[in-house]
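Chemist: Per our numbering, the sequence shown starts with residue 1183, numbered consecutively.
Each pair of labels, with its calculated beta carbon distance range:
id, residue 1, residue 2, range
1, 1267, 1211, 25 to 33 Å
2, 1353, 1413, 39 to 47 Å
3, 1285, 1420, 45 to 53 Å
4, 1189, 1375, 36 to 44 Å
5, 1413, 1203, 32 to 40 Å
6, 1333, 1224, 42 to 50 Å
7, 1203, 1244, 20 to 28 Å
8, 1413, 1331, 21 to 29 Å
9, 1427, 1211, 54 to 62 Å
10, 1319, 1225, 29 to 37 Å
These are calculated hints, taken from the structure and not from any lab test.
Beta carbons are placed, not taken as given, at the ideal position from N, Cα and C, and that holds for glycine.
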Amino acid sequence: MSDDVSRIISRYGIKPQKIFGQNFVTDSALLKRMIDYARVCSDDVVLEIGAGLGFLTELLSEKAGKVIAVEKDSNLMRILKDRLGNKENIVLIEKDIMKTRDLIFDKVVSNPPYQLSSPLLFKLLEHGFKVMVLTFQREFARRLIAKEGTKEYGRLSVMAHLKSRSEILEYVNHAVFSPSPRVESAVVRLNPEGPSLQPLDVSLFSLFVRELFTQRNKTSKKVIKEFIKKNLMLDESGLNTLIEKLPYLGKRVYQISPSEFIELSNMIYVVKRNLAEDLVQ
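With the hints as constraints, model all of the structure from the sequences given.
Modeler: Below, the structure written as structure tokens:
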């Protein structure tokens, strides 16, 4: 497959664009494993982001009922249309994935540009899905699956936990890409499985998590107190009363579990909502 990648690049006279994060997989066995990890079958509509030269797209089309291949680069889209334009179960879309809406799919199997990893993942998690199998930079993947108390644990770990259960299936050497990136990669599978307790206000929860992790090594009592001062209209007495009721204040921020973040956020939200109702009355 490495020869095929080189042949197509040479034939079309293209140069992989660093600005688009273009690193083409040259190992067909890896692509086939990704499809197997997602258990792709004829009933599935599969989304691929950054279809590139179309090797994964073609393999997906052999198993899936329908493949939606999104590619931003017009030069690569020309190749995709030449190679796969006659495949009835492949839909080629020339567009920035971050600007697409209303795509209907069941599964995601993809090697997306690494610079899109975080915003793309959050966009995909908002969509209903059966399973996602994606390659990410190794460090990003480890942050994604990290547990509380570890050095990799952070906002990404907490926010992803809301919508999914993630696992690293294998690590991938940089040598299977062309051009070869300077980083190692990992194949990650995400299943749609979140905690039973959910945030009462997702916007407040997201803000709460983001602000707390700016001071991840501090004790949560100090950081949460600062957050409440900034975001709730409480006098000193009301602030101290609320703080006394909150759990987990002896922990450092990076030791608070996703479920504990939700619990804390919900308690703060209830107070904020009650304050707003009092102002209306």
